[in-house]
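Colleague: Each chain, written out:
Number of protein chains: 2
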Amino acid sequence: MTNINHHYLELQGSYLFSEIAKRRTKFVQEHPDAQIISLGIGDVTRALPEAVIQAMHAAVDEMARPETFRGYGPEQGYDFLIEAIIEHDYKARGIDIQSNEVFVSDGSKCDVGNIQEIFSADSVVAVQDPVYPVYVDTNVMAGRSGAFDKTENRYTNIVYLDCNAENGFKPALPDRKVDLIYLCYPNNPTGMTLSKDELKKWVDYARENGCIILYDSAYEAFIREKDVPHSIYEIEGAKEVAIEFRSFSKTAGFTGIRCAYTVVPRELKAYDPQGNAHLVNDLWNRRHSTKFNGVSYVTQRGAAAIYSPEGKAQIAALVDYYMSNAAIIREGLASLGLDVYGGVNAPYIWLKTPNGLDSWAFFDKLLSEAHIVGTPGVGFGRSGQGYFRLTAFGSRDNTEKAVERIRKLSL
Amino acid sequence: MTNINHHYLELQGSYLFSEIAKRRTKFVQEHPDAQIISLGIGDVTRALPEAVIQAMHAAVDEMARPETFRGYGPEQGYDFLIEAIIEHDYKARGIDIQSNEVFVSDGSKCDVGNIQEIFSADSVVAVQDPVYPVYVDTNVMAGRSGAFDKTENRYTNIVYLDCNAENGFKPALPDRKVDLIYLCYPNNPTGMTLSKDELKKWVDYARENGCIILYDSAYEAFIREKDVPHSIYEIEGAKEVAIEFRSFSKTAGFTGIRCAYTVVPRELKAYDPQGNAHLVNDLWNRRHSTKFNGVSYVTQRGAAAIYSPEGKAQIAALVDYYMSNAAIIREGLASLGLDVYGGVNAPYIWLKTPNGLDSWAFFDKLLSEAHIVGTPGVGFGRSGQGYFRLTAFGSRDNTEKAVERIRKLSL
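Those protein sequence lines, which keep their order, are chains A and B.
full-length UniProt numbering puts the first residue of the first sequence at 1, with every later residue one more than the last.
full-length UniProt numbering puts the first residue of the second sequence at 1, with every later residue one more than the last.
Only chain A is shown next, with the shape it has when bound in the complex (with noise of 0.2 Å):
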């Protein structure tokens, strides 16, 4: 008999938006004639850039003669997109990254998710509440969650950082020691930033307490505010201890085209039980060249044209388009007189429900009476009770119906 991993039995039911499309599906079936809107899961609607439609058409063309043709790559990605990363995301910030600092693969959700194994099973993960699934998630599969608690609804093993109105979705530093610290900004699911002072607190913090930052920078290119930095090695120190996660899902439309990075420095250290210094670097390239073989070149060459003059054009054309859309929701509820976070630098709005209804009675009230598709903040963890998220990603003219439909309702 072959044993499976046993700590897959402590994943707690199926994922969020699973839930969400089951209930989608039922209600359609109901009311077959009724126009959703999806303002749900995170996804992007508008078309890619011409730059990086050009710039495929190009690629595949190569693929068709054997003088140009391309078989396997560097698994860390080709130095036309490192080096075109490096110059416009970091160097035109004055942030002094290495080639082999950076590693490019299919997906953040990847690298989030696979990031965990190089570090001991026994870390202690805190994470923020509410918060991405998948962080936690991964770190259950590898046994560092201890038991669900039924009655906290909450793992054992992990250090939860409560995220809520009165912190104004700022958590606190942690209680006690733990090694690896999840902190997403622009947030995912509250849409809410940190200062540099801010951010600079949770550096200091790590250098002070031996801790690694997985600072997960997926929405960076939503950023409008001057005091927000887009990355966390704007801050001094930050090199020796934060692994920095960014995808071009969000920031040129890639969800369905697959490509992003990961920047681990090599000032990072970790260390073996004997207490030897180890390069984090090093073990994350041996991993990704170990389980991974690179991403399609095709797709490298369609994010390396988001950094041409044309192709940045049009990326911030598009974020704008996005970010118009949030500002319509944001300020539509806000006029109706709702509590809502986010929308600012972030491609998401998270509102408090109205009249204390908890996230899923405030779904199906959204679902049933107006007709629109959003996320229950509960999915993201406990603190998320009692809050929404609404996400900017749909069309302008689904966004400007669903306000007008939102405002129609009796909240």
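It is worth saying that the hints were derived from the structure and are not from the lab.
Where hints are given, some of them may not hold.
[What the hints assert, rightly or not] Just the calculated beta-carbon pair ranges, DEER-fashion: (1) A:Ser324 - B:Asp397: 17 to 27 Å; (2) A:Phe80 - B:Leu16: 20 to 30 Å; (3) A:Ile36 - B:Ala92: 32 to 42 Å.
Quick reminder that beta carbons are idealized off the backbone N, C-alpha and C, glycines included.
Fit chain B to the known structure of chain A by using the hints.
Modeller: Same frame as chain A, now just chain B:
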């Protein structure tokens, strides 16, 4: 202090192909005029089939318009690809596979590397020797290998199944209890295959002993002989004990495009510590949807195109091209009195090094005297010592030149 996954410290040296690249680079620096021919790493060189190119262009164009744009696809793959796989790779051979048993991914290296995660950390792993290094290294990372014994040149807890000229490179059944058995047919690196009766022996063994077979069939498209099974599911009862890995990399020139798939039958069960049965399919689905976000839509359209009548004809021509190379190498070396294996149902030729040279000595001789890069057999394991792998993936011209150069060596 954050601790590392200390199992990584047991990994032995750098990956085989890094050492090859190092020696090659050194030689080229010292002999800048040498015309190197690489028959080393198993990477394809011919252009993508025209049907694939057309399908990818059309898919890129779909991504250029909001009406046809695709964001996140199903993590398991689009139905249009899964249905084509089932129809042409399985149903056409009388094998019944359901759509929820097929998982499309970005590469078999990823899948064979990740599959071990869903099994218990104390599973006993058996591999053939010589072996594709990823099977071993990913189990080392997961802590299943035990320490590396330098005297034995093997990991203590891995069960090695010797393949050598004496047993026709067909290993004996394990002599002790194992849980997971990695089998690769057509084999990389030896190029050898099993007949249906020979494979049935393994399926029966797994059924009788409660093992799971991880069947890597990335080179299936190269099978020419009639009695060689194309899928392990041609063997009765295999669905209860086997996971099958297939790839578009070599079949259709996708090494730089990235697409593969894995079949996990719903009949396959593994057990928790209380002895309860669980569907391995459910576990893999959970892993796949939590840590992976699907393959590029453009890539999947390209993959599906190989199942069209034009696509089928084009990949048949591609495989024929490489297999003619294989015949040239195989017959050329045999005519020199060398012992050669493989190259009949696989793009790999496995040869006994002449005059008792060890694998690396023959590598250096071939590089320095014939300017040919191949792969030392010992790089695939202890039983590969004294053997050498050449691949059929070069151009016709280079393949013929390589054989001519070897003909002129004093062997």
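Colleague: Indicate, hint by hint, whether the structure satisfies it.
Modeller: Verification of the hints:
1. Checked against the given bound of 17 to 27 Å, the beta carbons of Ser324 (chain A) and Asp397 (chain B), roughly 58 Å apart, lie outside it.
2. Our hint of 20 to 30 Å for Phe80 (chain A) and Leu16 (chain B) holds, since their Cβ atoms are close to 27 Å apart.
3. One distance hint, 32 to 42 Å for the beta-carbon pair Ile36 (chain A) and Ala92 (chain B), holds here, with the actual separation near 39 Å.
Hint 1 from the earlier list is the only one contradicted by this structure; the remaining hints agree with it.
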